[in-house]
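Novice: So the sequences go chain by chain: A, B and C. Just so you know, the first sequence maps onto residues 834 to 1152 in our numbering. Just so you know, the second sequence maps onto residues 0 to 333 in our numbering. Just so you know, the third sequence maps onto residues 26 to 381 in our numbering.
It is worth saying that the hints were derived from the structure and are not from the lab. None of these values were measured; they are calculated from a predicted model. Mixed in with the good hints, there may be bad ones.
One-sided and incomplete, this derived list gives chain C residues near chain A with beta-carbon spacing under 8 Å [said to hold, decoys possible]:
#1 His-80
#2 Tyr-83
#3 Ala-111
#4 Tyr-124
#5 Val-128
#6 Val-131
#7 Val-135
Cut-off 20 Å, straight-line C-alpha distance, at most; resulting in silico cross-link-like pairs (EDC-like, lysine to aspartate or glutamate) [to be verified]:
#8 A/Lys-900 - A/Asp-1057
#9 B/Lys-146 - A/Asp-1102
#10 C/Lys-155 - A/Asp-1102
#11 C/Lys-155 - A/Glu-1119
#12 C/Lys-155 - A/Asp-1117
#13 C/Lys-155 - C/Asp-137
#14 B/Lys-145 - A/Glu-1101
#15 A/Lys-1109 - C/Asp-191
#16 B/Lys-146 - A/Glu-1095
#17 C/Lys-179 - C/Glu-51
#18 C/Lys-85 - C/Glu-47
#19 C/Lys-85 - C/Asp-49
#20 B/Lys-145 - A/Asp-1102
#21 A/Lys-1110 - C/Asp-191
#22 A/Lys-1109 - C/Asp-154
Just so you know, even glycine gets a beta-carbon here, dropped at the ideal spot from N, CA and C.
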Amino acid sequence: MKSAMLNRFIVAVYMVSFFTFLLGPLAVMVVSAFNTPAYPQVWPIEGLTLEWFQRLASDAEILEGLKTSVIIGIFVVLVSVPVGLAGAICMTQIFRSARSFYYFVVVAPVLTPGIVIGISTVVFWRDFSGLAGLRELMYDGIVLTVLGQSSFISSYCMLIIMARLQRFESAQEEAALDLGASFPQAFRHILLPFLRPAILSAAVLAFLTSFENYNTTTFSILADKTLTTVLAGRVRLGSSPVISALATIIVMLTLVAALAYELIKRREDRRNARRKKTAMAAEDAELSPGAPRPAPKSTDTPPLRPSPSPRNAIHVSSR
Amino acid sequence: MKGLSITFAATLIVVAIFLLLMMLERKKGGRGMSFFERNGVLIGTYLILAVGFWTIVTIIMPMVFMVDLSFRPKLPPSQVGGPLDEYTLKNYRYFLFGSSTSAEAWNTVHIRAFFVTIVASIILTLVNFAICYPIAYYMAQAATLKKLRIVLLLLIIPYWVNDILRAFAFRILLSENGFVNGVLDWMGLAGAPFDFLGANVGLYMALCYSHLLIMIFPLYNAIESQDHNQIEAARDLGAPWWHIHLFVVMPHAKPGIASGMTLCFMLTAGAVATPMVLGGPRSLWFTPIVYDRFYQLFDWPQGAAYAFILLLACIVFVLTVLKISGLKLGEITR
Amino acid sequence: MTIAVELEKVSIQFGSFTAVEETDLEIQEGEFFSFLGPSGCGKTTLLRTISGFTHPSYGKVRIGGVDMAGIGPNKRPTALIFQNLALFPMMSVAENVGYGLRVRGVARGVRDAKVARLLDQVALSPHADKKINELSGGQKQRVAIARALAVEPKVLLLDEPLSALDLKLRQHMRRELREIQQRVGITFIYITHDQGEALTMSDRVAVMNAGRIEQVGDGRSIYAQPKTSFVASFVGENNAIPGTILATEGELATLDTPVGVLSGRNPTRLGAGGEATLFIRPELLRLSDGTPSECAIPTRVGSAAYEGSMTHLQLDAAAGTRIMASVIAAHASAHPQVGQPLSAGFDPHHAVVLAG
Chain A
834 MKSAMLNRFI VAVYMVSFFT FLLGPLAVMV VSAFNTPAYP QVWPIEGLTL
884 EWFQRLASDA EILEGLKTSV IIGIFVVLVS VPVGLAGAIC MTQIFRSARS
934 FYYFVVVAPV LTPGIVIGIS TVVFWRDFSG LAGLRELMYD GIVLTVLGQS
984 SFISSYCMLI IMARLQRFES AQEEAALDLG ASFPQAFRHI LLPFLRPAIL
1034 SAAVLAFLTS FENYNTTTFS ILADKTLTTV LAGRVRLGSS PVISALATII
1084 VMLTLVAALA YELIKRREDR RNARRKKTAM AAEDAELSPG APRPAPKSTD
1134 TPPLRPSPSP RNAIHVSSR
Chain B
0 MKGLSITFAA TLIVVAIFLL LMMLERKKGG RGMSFFERNG VLIGTYLILA
50 VGFWTIVTII MPMVFMVDLS FRPKLPPSQV GGPLDEYTLK NYRYFLFGSS
100 TSAEAWNTVH IRAFFVTIVA SIILTLVNFA ICYPIAYYMA QAATLKKLRI
150 VLLLLIIPYW VNDILRAFAF RILLSENGFV NGVLDWMGLA GAPFDFLGAN
200 VGLYMALCYS HLLIMIFPLY NAIESQDHNQ IEAARDLGAP WWHIHLFVVM
250 PHAKPGIASG MTLCFMLTAG AVATPMVLGG PRSLWFTPIV YDRFYQLFDW
300 PQGAAYAFIL LLACIVFVLT VLKISGLKLG EITR
Chain C
26 MTIAVELEKV SIQFGSFTAV EETDLEIQEG EFFSFLGPSG CGKTTLLRTI
76 SGFTHPSYGK VRIGGVDMAG IGPNKRPTAL IFQNLALFPM MSVAENVGYG
126 LRVRGVARGV RDAKVARLLD QVALSPHADK KINELSGGQK QRVAIARALA
176 VEPKVLLLDE PLSALDLKLR QHMRRELREI QQRVGITFIY ITHDQGEALT
226 MSDRVAVMNA GRIEQVGDGR SIYAQPKTSF VASFVGENNA IPGTILATEG
276 ELATLDTPVG VLSGRNPTRL GAGGEATLFI RPELLRLSDG TPSECAIPTR
326 VGSAAYEGSM THLQLDAAAG TRIMASVIAA HASAHPQVGQ PLSAGFDPHH
376 AVVLAG
């Protein structure tokens, strides 16, 4: 018993130090965003202020960068999600050596440093766009950044969608075809709805990854500026609590989104548990003696049966 | 344009190899239907166009071209494709020996930065693993559902704060008049403010910090998939705790460990923002040197060569991890 | 009667592996036809070929007299019930049943009326708006049937649809399937490895082994008059006694076996001198402790397993041969002593001699 107590103590100490390390720097930044000194300062607190947030809101360069980042993010989602989806579907239709080869190519961007992707995109498009006669249109910071980011964000999307696709029963699609659906109909009615959760998380992930990307963007953005490149310039010049204010907003948004996600997830879990209970009740009725064909009965009050707690209810996609 | 012909040729070869493999595959007994029969014309066309665009135009061609460019001299635009545009090892020679006018035999600054980057990245990757493994194990096998949810929520908070802001936070913490020096001063420990940033403590801490989550989630997913009964059984048989971790949990979690380490190494060695913000007075990391080829010297061929050297280091690391762990590429990229 | 499905010299190969060898078969309209065989015998491949998901390497598939070459699964007058049912989890019960009509562009009003009628037929009307994961196994089964019937197929194909069900429910669903088939009057082609299912439901059964149809016939003839030793040993329990044919006489053949000289029917007209196996069903053995009759095997009782209505005896004969005998438990001979000598006799017309 003593060793169990000691064990618990060690775990607790470890957890506290870990989360101090993980959240401490953020806390420091958040505090400095509300503190009055113009150099970001945590202690002493010389006075509470929202000045840095106001300055942030009226900082034209940052706002311009934000706008560019959002535009790029939207285009990256529009490119990466359909491409990742296609990549995942193709993956399920080729086998053995062809599959390994294909997989190597489409996963390579995930394992390539962002700086290399950015550089290769810029140098290639400088010459290629001229050759294709599209220099005006293509050799543009935003276009190049969308292309460069999409090359590896598409891989992320593919991996997320593939994880779900692996659980798809091809019989589902065959059943639709067998009932007379055309190929696009089977795709739209069966496969897409099945993949919808994965497609949605891929889209969210694609946008956020694009939004926070710096390594690739700093090369491919050319003369334009995104939020991250503006930030990098500012931080290199010096420290300002305005940057702390921005970080505070990002942390808050993440927190709100995570909580909202958690709530939605719980509601879904409860609904699934309810359905399972209904099914079990029907099963019981079916197998009870003297009822070969279950008479339809009210399912409002199904007999209670503890359903196993969904341990895997929370799933965080790794990038 | 002469510059792209090699790129086109190489791309064609890659596509041809793929088609050849497909044909062999089909001959060996591909079950059922052909590609278009299976997907229909419309969807099939979408699949081919999307994947073709992605793999050929955004992955293969830029990469091949970058390598191609790294073997060319820096020329003004008017002379590109001219008689002076010949393949050369000049850019790689520069990495090793420096400019022909310098007095030193070796380009020590760049070579040292490269090796410091690689060695430090390996060490930081191992440190990250050591920090993250207990948390991942706790989350996957020990925590109750309620605690797990709280831990996951706490982990998510810093997730979307980007590297620049993370580095910035460490600057607030560690700069000469920063928080930590303030605390040390208050405790009367440090006589003078300690220059953490000059000593690169900030850089290493921030690099470690930035990639904690990259390590935790693959580990967590891998450990989570293990049946807890296996661990109970091992404990029941009297195995000591370190034995259980070394011979029961870690072998099972091998794909997750390899995956976390690979990503962690790649992102650490390829980090651009953190060294820029916290790099201290001397340029220590390799990526700022690559950056300077482009935006200080405007020598793109040399920059391409340096980027390729960095890429090669990552490839070697991935291959080493695969070799040591005995895993396939597909198993570590989930 | 007209022919619903016709296979003409159909063979199916995957690479160098032959899944189905050259097969000819005609299935009548309105027939309940089963393919029975162990897993991997090619029965599912054959079913997928009829439904259009696999193409025959050689030969022709005709449905309703029309050659199906080049006609996709979505254009064929067949409906398939999948082994795991493949119900659409994102749709309600009614949407599942109406899916085939929806993709055919049937107007909503017509569609709804038809779905309601079908749901009523399978007693699922109260569950129309439920999601699939709210249903029990039997309910899902009936949704799958209603969904397939909604498109009014000429032929309904069923791929072991009962295998996931509880034993009791399975027996109930057998009756129900048979009733539905008789009510709608279309051809059912049923795949199973469960001989009980095949024999109780079908008008005719095709027994398959290693990509080949071994025998086609009604349940009775398959059981009582097997044409190959695979059929004799796969369908029902059977005692197999190998030996050499001594002589043939009319429709009977006499074998020299390690347990004595025995006779049985010789349906395939095997000649004297060849190796053959004599099959005799456990329930057709007559046990007596008196003197052995002309066609009998001297044995000793090895063990007895009481199973309610029947008792299964394991009898040890010469040369290590084991003979199984089933006796109605109420019968006096059902309770012998272990070790007691018994003579297991039979009518030569009940036994069958087959090659191999």
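Novice: Does C/Asp-154 lie within 20 Å of A/Lys-1109 when you go C-alpha to C-alpha?
Specialist: holds (15 Å)
Novice: Regarding the pair B/Lys-146 and A/Asp-1102, is the alpha-carbon distance no greater than 20 Å?
Specialist: Distance of about 17 Å is within 20 Å: holds.
Novice: Quick one, are A/Lys-900 and A/Asp-1057 close enough, alpha carbons at most 20 Å?
Specialist: The hint holds at about 11 Å.
Novice: Could you grab the alpha-carbon distance between A/Lys-1109 and C/Asp-191 and see if it respects the 20 Å cut-off?
Specialist: holds (18 Å)
Novice: Need the status of pair B/Lys-145, A/Asp-1102: alpha-carbon distance at most 20 Å?
Specialist: holds (14 Å)
Novice: Does C/Tyr-83 pass the interface hint, meaning its C-beta sits closer than 8 Å to a C-beta of chain A?
Specialist: violated (24 Å)
Novice: Please work out if B/Lys-145 and A/Glu-1101 have their alpha carbons no farther apart than 20 Å.
Specialist: Given pair B/Lys-145, A/Glu-1101 holds - Cα atoms ~17 Å apart, limit 20 Å.
Novice: Straight-line Cα separation of C/Lys-85 and C/Glu-47 no greater than 20 Å?
Specialist: Holds, at roughly 11 Å.
Novice: Once the shortest beta carbon distance from C/Val-135 to chain A is found, is it less than 8 Å?
Specialist: Result: violated, 15 Å to nearest chain A Cβ.
Novice: So if I understand the rule, the pair passes when the alpha-carbon distance is 20 Å or less; does C/Lys-155 with A/Glu-1119 pass?
Specialist: holds (17 Å)
Novice: Taken at face value, is the distance from the CA of C/Asp-191 to the CA of A/Lys-1110 at most 20 Å?
Specialist: holds (18 Å)
Novice: Is the straight-line distance between the alpha-carbon of B/Lys-146 and that of A/Glu-1095 20 Å or less?
Specialist: holds (14 Å)
Checked against the numbered hints given earlier, this structure breaks hints 1, 2, 6, 7; the rest are met.
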